[in-house]
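Undergrad: Going down the list, the protein sequences come from chains A and B.
Quick note, the first sequence lines up with residues 1 to 423 if you use the numbering used here.
Quick note, the second sequence lines up with residues 1001 to 1313 if you use the numbering used here.
In case anyone wonders, no lab produced these hints; they're calculated from the structure.
Treat the hints with care, as some may be off.
[To be verified] Chain A regions said to be covered by chain B (calculated; three or more residues, Cβ under 8 Å):
#1 65-79
#2 127-139
#3 279-286
For every residue, glycine included, the Cβ atom is placed at its ideal position computed from N, Cα and C.
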Amino acid sequence: MSPPEAASAAPPEMPHATQRHSVSYVRFLARLLDVATDGGPKFYTWMILLTAIALVGANAWAHQVAEGMALTHMTDHVSWGLYIANFTFGVGLAAGGVLMVIPAYLYDDHDMHDVVIFGELLAVAAIVVCIGFVGVDIGRPDRVWHMLPGVGRFNWPVSMLTWDVLVLNGYLLLNLHICGYLLYHRFIGKRPRKRWYLPFVLLSIVWAISIHTVTAFLYAGLGGRPFWNSALLAPRFLASAFVSGPALIIVLLLLLRRLTSLTIGEGPVRTLVNILRITTLVNLFMLASEIFVEFYTGGSHTASAEYLFLGLHGHNDLVPWMWSAITFNVTAAALFLWPKAAENNRLLVLACVLTFAGVWIEKGMGLIIPGFVPSTLHELVEYTPSLVEWKVTAGIWALGALVLTVAMKCATAVLSGHERLGR
Amino acid sequence: MSISDDPVQQQGGGDGVARRTVLKAAGATLGAAAFAKALAPLTTWAEDMSADEFLQKHYKELSPAELKATLARIEADTKKDTGVDVTLTADAPIEGVKFGYALNLSICIGCRMCAEACHEENNHDRKTHNSYIRVFEMDKGSIDFAKGTVDYVHPVPRDDKFYMPVQCQHCDEPPCVDVCPVEATWKEKDGIVVVDYDWCIGCRYCEAACPYHARRFNWHAPEVPAKDINPDQGLLSNRIRPQGVMEKCHFCLHRTRKGKMPACLEACPTGARVFGNLLDPKSEIRWVLENKRVFVLKEELGTKPSFFYFFDE
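Okay, chain A solo, but in the shape it has when bound (with noise of 0.2 Å):
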């Protein structure tokens, strides 16, 4: 298991000792903010069109916190809606990650090895995005402080809220200090050693399982709704999980490719290609499988289904979505098993972005709103997100975006052997 600075291109190794750490980090840290900061005029007209979405983004949200939550168009009978929707996407792209580092260090497959790093810094900023969607959909965020062990109450381990609140941040801390710590030994020019990154790595994989496993179990626990409370729904989430996360990897490698002089090889590509053929078919089978359940066994518990997949009672505003994905989740499938798209780059993105906006609607809208659709005492109240939520939704992942973009931006640089210590 070599790291990914074993490459042929390594710089020989430096005179560097480990007193003058705390130099070289904070060297090492202006470095990535000059990094970050520095492009041309493509990378600033990206930049300041993600932040003008998260400025309409925050101004809404500080609107909804002052003006109350009625902005939403939540209510008492679909009480969670697009925000939590996001939020449980988000989680999928941050564990489908692990699918990157699945190949490079169990396998030891040295091309992914090259790039796994952009499956971490995916999750990081993934993890940003999944707070960032909590953190709008709670009604007083001034009294998040309640949480903090010592000071306030928190209601572990019987809440599944708080198990998630600790897997989530975990999360983003162990893939922070894998990211952090191999860019920092390559800008220095030394070996990284194992000790410090494998365990931390390895045991990012089965936390990567977790996280997912954890917000399944949020919906999955709760007897009182009959569409969540299903025992395949974890197992549900992390198939499709392995569906988005590579998906928008496969298209970021490809990005990269095109925008740095990075050399990313078919290799990882068609690795992903590879996982994407089976996740997609296990997806679409767990699907298949649950409406079977729901539909042969009948009675009012299939009512949720009903609304989803038919409608109920002539509400129906999520059927035309649900058929859309569907659709879009089956030709993906098709697409990824003909050997031609996978070779095509052009076939293979429109495969890409056809599972990932079919998962964003089966596991974002198609699964939080048909859980209160008819509510436990059987009303029917449908619901639509406001113009607010779509704002607050689009500067989050325009958030999100702004994270990627810099981390890959440093990670790139670093990973080019453009920055390094003492240029």
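Based on these hints, arrange chain B on the given structure of chain A.
TA: Chain B in isolation, oriented as in the chain A frame:
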């Protein structure tokens, strides 16, 4: 994302770098100013909040002196906001009492007087006409809520229907309490499930967990005209709730812990409601449980409600 071959950067000095640094600093300042402007609505919101309010401790952690100070502060705040003098109390559960509620489906006529009484007693938002009770009109012959409706508008009762009011079931195994991440809701010794309005963070996980649609969220600050405010208020019950927190039926604990009946019971014109102490063998509710055909809602979920439904015949 061009990271390579920037001539200015390669030179490592000179006017180019200085100009770039100045531009970056200007950009950062502009960005920070824009975010400050975007978040401006938060400042007016924060101005309305006192330090005491922000630092308010969890109900269970209040010393007697702190509890007294809290009651005084909220009374003063209410006076400031509404101009009304209210009396805020925090009655403790009575030893040897566990409250239970039973509802006679044979004589309930679906008039919704209970829901209206709840609305007025508990200082609910007038615009949304909130109440902790929802009354379902159901087809005779089944207890399937899918066939029920809450928004019936015709004279009641109808011969082919029966009526089923639903409110918090004050479960012995409340799923809402389990899921709360900050212990802002709990079951008191007398069986009442309460919410600490000053501790709830408004995540609404409890609302998702409740199988009885018993919980309500304050999507905006509730508005009650000064003349309609019920000044007899409880800290954990009917005081005017803050924006962004959960609330729910509390068995009118500001009344029932003083020996009075819940407002919904007093309002019922047919006497369909029976409230009392489950631990007292001579109570009316115990007689109902022992002599009538009684059932609880969604028994299969294992929530163990303290709210019972029964039939006469």
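Undergrad: Going back to the hint list, which numbers does this structure go against?
TA: 3
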